[in-house]
Amino acid sequence: GSLLASVESNDYYYFYSCLHFTFILYTEKEGLRLGLVGWVKNTYGGTVVGQAQGPAPLVEEMKVWLSKEGSPSCRITRASFTNQRAIDKLEMSGFSTRF
1 GSLLASVESN DYYYFYSCLH FTFILYTEKE GLRLGLVGWV KNTYGGTVVG
51 QAQGPAPLVE EMKVWLSKEG SPSCRITRAS FTNQRAIDKL EMSGFSTRF
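Each residue of the sequence shown is one higher than the one before, starting from 1 at the first, in the UniProt record's numbering.
Keep in mind that the hints are not guaranteed to be accurate.
Pairs of lysine-lysine, DSS-like flavour, derived with a Cα cap of 27 angstroms [stated by the list, open to error]: (1) LYS63 x LYS29; (2) LYS29 x LYS41; (3) LYS89 x LYS41; (4) LYS29 x LYS68.
Please keep in mind that the hints were generated in silico from the structure rather than gathered at the bench. Remember, it's a predicted structure, so these values are computed and weren't measured experimentally.
Construct the complete structure from the given sequences, taking the supplied hints into account.
Here you go:
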């Protein structure tokens, strides 16, 4: 079947302790590596928020990466995933950092 047979959208936010800019760069890089579309953004409260869309298994892989791995110099204290839903088609293109 088509890769788009099971496409998923997932919002995420996480708390971490490190230089926030490195985390954002690594998150964007991982999203691109997995071939996902989405975005990542810093908040003023020391969290990172974003959204990832793509084939369900790859979105799951991104969630595991966000929860357990992240940037080499960062320690993730909590990751949260919300608004997980099946979508008919991708709602954006590319994986970018928002400011």
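Hint-by-hint comparison with the structure:
{"no.": "1", "hint": "LYS63 x LYS29", "result": "holds, 14 angstroms"}
{"no.": "2", "hint": "LYS29 x LYS41", "result": "holds, 13 angstroms"}
{"no.": "3", "hint": "LYS89 x LYS41", "result": "holds, 23 angstroms"}
{"no.": "4", "hint": "LYS29 x LYS68", "result": "holds, 16 angstroms"}
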